[in-house]
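Using the hints, position chain Z with the ligands against chain F.
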Amino acid sequence: MLEVTKSGGPFRFSDENQDEVKAIIAKYPEGRQRSAVMPLLYLAQRQNEGWVSREAIEHIAELLSVPKIQVIEVATFYTMYNLKPIGRHHVQLCGTTPCWLRGSDEVMRACTDMGLEKGKSTEDGLFHLTEVECLGACCNAPMVQINDDFYEDLTYESTKAILEALKRGETPKPGPQKDRQFSAPEGGPTVLRDMMSADAAKE
Amino acid sequence: MCIMVARSRLPSKFDGESPSVGRCNREEPMPKLTIDGKEIEVAPGSTVLQACEEAGAEIPRFCYHERLSIAGNCRMCLVEMERSPKPIASCAMPAGDGMVIHTNTPQVKKAREGVLEFLLINHPLDCPICDQGGECDLQDETMAYGRGKNRFDENKRAVTEKNMGPLVKTIMTRCIHCTRCIRFSEEVAGTTELGAIYRGENMQITTFLEQAMESELQGNVIDLCPVGALTSKPYAFNARPWELAKTESIDVMDAVGSNIRIDTRGRQVMRILPRNHDDVNEEWISDKTRFAYDGLLKSRLDRPYVKKDGTLVEASWVEAFAAINTGLAGLDGTQIAGLVGDLNELEGMYAFRELLKGLGATRIEARQSGAAYDVSNRASYLFNSGIAGIEEADFCLLVGTNPRHEATIVNARILKSTRHRGLKVSNIGPAHDLTYPVEQAGDDAAILADILAGKHSLADRLQAAKRPMIIVGEGALARQDGAHILKAVHDIAETFGLITEDWNGFNVLPTAASRVGALDLGLVAPGGVRGILDDAKAGTVKAAFLLGVDEIDSSALQDCFTVYIGSHGDHGVRHADVVLPAAAYTEKSGLYINMEGRVQMGERANFPPGDAREDWTIFRALSDVLGKTLPFDSFDALRAALYKELPHLMDIDSLPKAAWGDFGEPGDIARGPIALPIHDFYQTNPIARASDTMAECSALKRSKGEATGTHG
Ligand code: SF4
Ligand code: FES
Ligand code: FES
Numbered sequence: 001m002l003e004v005t006k007s008g009g010p011f012r013f014s015d016e017n018q019d020e021v022k023a024i025i026a027k028y029p030e031g032r033q034r035s036a037v038m039p040l041l042y043l044a045q046r047q048n049e050g051w052v053s054r055e056a057i058e059h060i061a062e063l064l065s066v067p068k069i070q071v072i073e074v075a076t077f078y079t080m081y082n083l084k085p086i087g088r089h090h091v092q093l094c095g096t097t098p099c100w101l102r103g104s105d106e107v108m109r110a111c112t113d114m115g116l117e118k119g120k121s122t123e124d125g126l127f128h129l130t131e132v133e134c135l136g137a138c139c140n141a142p143m144v145q146i147n148d149d150f151y152e153d154l155t156y157e158s159t160k161a162i163l164e165a166l167k168r169g170e171t172p173k174p175g176p177q178k179d180r181q182f183s184a185p186e187g188g189p190t191v192l193r194d195m196m197s198a199d200a201a202k203e
Numbered sequence: 001m002c003i004m005v006a007r008s009r010l011p012s013k014f015d016g017e018s019p020s021v022g023r024c025n026r027e028e029p030m031p032k033l034t035i036d037g038k039e040i041e042v043a044p045g046s047t048v049l050q051a052c053e054e055a056g057a058e059i060p061r062f063c064y065h066e067r068l069s070i071a072g073n074c075r076m077c078l079v080e081m082e083r084s085p086k087p088i089a090s091c092a093m094p095a096g097d098g099m100v101i102h103t104n105t106p107q108v109k110k111a112r113e114g115v116l117e118f119l120l121i122n123h124p125l126d127c128p129i130c131d132q133g134g135e136c137d138l139q140d141e142t143m144a145y146g147r148g149k150n151r152f153d154e155n156k157r158a159v160t161e162k163n164m165g166p167l168v169k170t171i172m173t174r175c176i177h178c179t180r181c182i183r184f185s186e187e188v189a190g191t192t193e194l195g196a197i198y199r200g201e202n203m204q205i206t207t208f209l210e211q212a213m214e215s216e217l218q219g220n221v222i223d224l225c226p227v228g229a230l231t232s233k234p235y236a237f238n239a240r241p242w243e244l245a246k247t248e249s250i251d252v253m254d255a256v257g258s259n260i261r262i263d264t265r266g267r268q269v270m271r272i273l274p275r276n277h278d279d280v281n282e283e284w285i286s287d288k289t290r291f292a293y294d295g296l297l298k299s300r301l302d303r304p305y306v307k308k309d310g311t312l313v314e315a316s317w318v319e320a321f322a323a324i325n326t327g328l329a330g331l332d333g334t335q336i337a338g339l340v341g342d343l344n345e346l347e348g349m350y351a352f353r354e355l356l357k358g359l360g361a362t363r364i365e366a367r368q369s370g371a372a373y374d375v376s377n378r379a380s381y382l383f384n385s386g387i388a389g390i391e392e393a394d395f396c397l398l399v400g401t402n403p404r405h406e407a408t409i410v411n412a413r414i415l416k417s418t419r420h421r422g423l424k425v426s427n428i429g430p431a432h433d434l435t436y437p438v439e440q441a442g443d444d445a446a447i448l449a450d451i452l453a454g455k456h457s458l459a460d461r462l463q464a465a466k467r468p469m470i471i472v473g474e475g476a477l478a479r480q481d482g483a484h485i486l487k488a489v490h491d492i493a494e495t496f497g498l499i500t501e502d503w504n505g506f507n508v509l510p511t512a513a514s515r516v517g518a519l520d521l522g523l524v525a526p527g528g529v530r531g532i533l534d535d536a537k538a539g540t541v542k543a544a545f546l547l548g549v550d551e552i553d554s555s556a557l558q559d560c561f562t563v564y565i566g567s568h569g570d571h572g573v574r575h576a577d578v579v580l581p582a583a584a585y586t587e588k589s590g591l592y593i594n595m596e597g598r599v600q601m602g603e604r605a606n607f608p609p610g611d612a613r614e615d616w617t618i619f620r621a622l623s624d625v626l627g628k629t630l631p632f633d634s635f636d637a638l639r640a641a642l643y644k645e646l647p648h649l650m651d652i653d654s655l656p657k658a659a660w661g662d663f664g665e666p667g668d669i670a671r672g673p674i675a676l677p678i679h680d681f682y683q684t685n686p687i688a689r690a691s692d693t694m695a696e697c698s699a700l701k702r703s704k705g706e707a708t709g710t711h712g
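First to last, the protein sequences are chains F and Z. Quick note on numbering: our numbering labels position 31 of the first sequence as 31, and the sequence is numbered without any gaps. Quick note on numbering: our numbering labels position 487 of the second sequence as 487, and the sequence is numbered without any gaps.
With the rest of the complex left out, here is chain Z:
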């Protein structure tokens, strides 16, 4: 809480043009206020509301939000200030030296009652049929500060619903015009799609002519809306907040490691909400994180399957294990390979690796995207500046990445930094609307060599910047010359002062939640995924284990004995000989390492369907059957073994400082455009592909792309 208050005082929270808040200047003296008789010093640039909070006085509010600019239009935060003839809106009033504030006088009480009474004039009293019921600011504040009686006998205003697309449902009669959603859409999402048409009592929140919103962050307006005007369409009328069990966990839709809360009822995930983490996702999550959960119910593998006469038929675990035993008979370790997918937790991957090692296999590969990660140095595959570190940078060079699709939350952080900190962004790679101004340098990878040789204007930009950063995406690293690109960027980082005592501006942006963890576990094999698939085609790899691997062309595995372990019947099972049903991310506890190298712990929220089991238990049981019993009988024992190998995993939630070193492979970079790894934001993994909501978003995006002749 302390940290939050301190952070919220940063001027970065406010719109650069907001005149109501003074700029933070370290030289300025700290204003001293008296709040309810208590003297308190606050940081310069704080508002009266923040000062009150710090003094322990609760101030009700609707329009004010720490991470948005100040609107000051709901008037719920009125307090009394001595020598002021009328109450002041504390959220919009800069804290000044010598102010004497009262928050618990009869005048304040009356002011709050008055504001609420006015708000309720036009607000329908439809709480019993409102999805916000039970978690509604207006409901709560009316209970706490309202008069409890209504004196208004006239008709209420009614507003027509607005179409905003498949994710956000509107009941606009409930809107109290706080404009949080509008400010969010402009300031955080950067798409400026929402606005208020007409005025006064007739004011209505809408998108331009009711077109669907395009932002990948739009779901957050549901959380921001203090009333039930904007609610979740997929979750509509599904549950009441008080009947849900809440589990804190970590998201796996991208490598950000967004902190989430999984709300379940019985066995079913009802919705996913963000948790606040100032250094990771602040309090936002992407729409994929929020809405892909319906994919947890569809195309699930709920029992083992074994291929008989060319088709997969249901089997028992015993039969499935026996089939694997038979399939592996006579093979030696060099003929067995393992591939690891995008959504896996460390424990599962560790058990998988140990099992395969027990079988003598040496080729275990997790770089599904084909990116040329170099595991010899941890700094080579991390987002070293840290996500919050983006706010310290003054120049950012993107290389072969579209962060809007690959890590939406990171993109929001870049936008924030461009808006408040003057960050400038350049891009080498295909041009995309990233929601902030980008200087497009072309999409030719060879520009990197030019920069290194000092022949490109970007070299001067990097040189001139105080805290430059480069973000390399898997699009660049997955090229044939990916290792050379890695080396070139490494050299640029060293040459242009990206690496200093207290700053590391070298950043890699992995696209998958499991990537960094897998690299920490050393799950790389020479030749990568491509090599393994080629060898499978050539017949030298005779058995392959796929742990949630769905983003490869599995047809190469046609003649290879393939075991698929995963949660969904997606691309990976197509040529599988044995399918073992496993838990999805909400159904297992586990450690994840995000792109920054931050270790985070996810908790199990519900149980896997049918016969599906948590990954590690599958490998433990299978190891028994194969006669290579793994040395752990419990999850704790597994974790202990894992901690022993990777002690840094015990350091939960801290931002690591990876030691700098040499990495990559010196070599030529071929001229030619860089391709991006993600073509459809909404369809990047088996859970998202199983989700109807994501399918709808994807279809909508495609139809829009066709209509306007653009894509992406």
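Isolated chain F, as found in the complex:
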């Protein structure tokens, strides 16, 4: 059975988001306003601590004059709309082959050890763990996405450290958790070294 949690109160877009709503709707030609349903659901989700409530769905349906069932069709079709409250930090753990080969099981173990459970939120409401398919950062596998940030090159320890930091209310540094810049080689460049040292000499 489909569950769409009620938030308990009426939903409306916040004052800051009102302009955004108008801008989104205005993107579509006259008579095609219903196309705005996806960006509006997303906006509602961002405004509403990462999940879309039943009230929000009904509000969007009304706003766009779309039958409610059609909004819910969209909201359930895409897995990235969350239809129930989600922890403050949404940990999306990549378990696809490259990450798995590079040790995503260890990352998962770290999460479990920290009390996270796949598909569930922790009791304190801090974390929610989902296993997802490739997030496109395989070169730095294994990785997780926490809210808007990617954390890459994870190990059991670094994962745990990140989660602990989040728990303390800190913001751990996103990106590779190893000594490298973005997806450059570990420990610095391995090619074009001469050119680089020449450049350095010139300076």
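It should be emphasised that the hints constitute simulated quantities derived from the structure, not laboratory data. Here a beta-carbon is modelled for each residue, glycine too, at the ideal position from N, C-alpha and C. Certain hints may be false.
Said to hold, decoys possible - Here are the in silico distance ranges between beta carbons for each label pair: (1) Z:Ser654 - F:Lys22: 54 to 62 Å; (2) F:Val132 - Z:Asn150: 28 to 36 Å; (3) F:Asp149 - Z:Lys704: 45 to 53 Å; (4) Z:Asp450 - F:Lys22: 36 to 44 Å; (5) F:Pro10 - Z:Lys704: 17 to 25 Å; (6) Z:Thr105 - F:Val132: 40 to 48 Å.
Said to hold, decoys possible - Here's a subset of chain Z near chain F, in silico, CB distances under 8 Å, partners left out: (7) Thr192; (8) Leu194; (9) Gly195; (10) Ala196; (11) Ile197; (12) Thr206; (13) Leu209; (14) Tyr436.
What follows is chain Z with the ligands alone, placed relative to chain F:
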């Protein structure tokens, strides 16, 4: 069949936005295809599937349906097309010139086997306990095109049942995701209540959070569903299709005259299904038509009753007739009146009229709703454009009618026309959700006078339209100034070009199946029902015969000798002195004239309960006792007499063209809102009121109305 194929090629069948089908353009050349070696020309805009059908090749299908937009998602209709590397879905492929199609090659056979095998992966093999068994597309097509063996050893998917309300039962594990039901709910019912949540294998058909459906046409999804996922709740586990006797008949729940099939087992009506009639109900029927049949078993009058010491007691026919004889003793014709109800066939009404005439009565009245019909001109009480004609109109003005409740099928036709033909609709009367956009002009009847004077913007709309139509409901005609309204609409029709050589845009929407027939029989009396009831109260009418009359306030008849003839113990028997049990509509053959003036013939499907008899036999027998013997001894003789008086009745199933003329009464139209005749769609007649299913629907509607603070 020919007509069906030709019609199904109209682009109107398809969603306006469907890119897969070309628009029909008369100038376009007809594409020529070769199908299984046979050359065939088809209308532009046809699909390959339609071309194949025309060439006589059968194409199995699940998702494709002639009256719905094209989804192309089941893949059962795969055929081979030369120069195409893989089979094509014929339902979604526009027929193109020079295509060479094969429908009987090994590749096609393999494709069909493959599709079926995949469909059956998740479809439970529970046919023995499935209500669709014996009339299931999946069952039939698996027999015809399947491999006959299953190679799938894994677990099947299971889906939880969904609540859709009291009419449609769901067994969602059986769903094959054809989306017919979803498309129907959006495109034909116009309520867009069904949808598919989740995706892929997890896709599930449901209503928004499993709320009950609200459409008055929802029962049709049961017929549309090619498997047993959506079945009839009231009929659940009641019968198997092969044990039912099938009788073709005509519905009486409204004035549409929907073509129905009555399925009976023994004496009992087990279910009612639609029959296809392109010009009337297409292949849909309203939920009242489909589900009110359980009312045929409840509160039936199965023996005569005679009032003794203030209470009705069971009697024999002889006693009942004798009581009538006594009751009428000493009365002359002017003191006797007859009223005719909403569900009667012509033969019964004719015999009734002849009987009363024999007694000298002149006041026989059938306008139970009080609408000011004018029988001097047939065009004045017909839906002259024809139901199919709605698709030709470009502007429609509703006056005092809610077609969604008064003639659901007509409303579906208006919706279809707004979706596919750009019909625009305006309304004078209370605002209602009619399932399509309506421009609300207010509910004041006096707007009509303004239009006529050219002072209202609707005047320009009517003027500008190429094929304007007006639909006047009984809500407007039943007002005190109903005759004036009729005249005003008549004048508007003449002034604004609604009446031309080949178009008559003047339409009346009667609410009752018997209305047009009764008016053709001339069953009107000055003063109408109101006059008769007033006179009964005043004591000048001393005896009244009620033929299935249940929609009046019968308390006026308290002191009047009242004979009720009908099928159900409803409002009409309350003050009756003699009650004569009669057959209900499934239990008698008869002619009905629908709102368009189309004569249709209903057949008897089962027998009336107990001592109840067909209406005409009652009147024939009674006439004997009263000494005014009617001159027909058989149904055929009655029909012959009826045909002699109304020869147009012999012209079965043709759309009449009633001659235009003057009608109505000139006069002022009082300012003030128009009230609608139907307040509860599910409770409009004694059969529906006796039906538990209808009661449940009505209660549900009421609770929803209260919950949201709206009604209607
Ligand atoms: S419920 Fe029936 S009609 Fe609806 S999608 Fe499933 S199989 Fe098709
Ligand atoms: S496989 Fe994990 S990010 Fe691509
Ligand atoms: S009938 Fe053609 S894809 Fe379903």
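Check: Among the hints numbered above, which are violated by the structure, and what are their numbers in rising order?
Finding: 14
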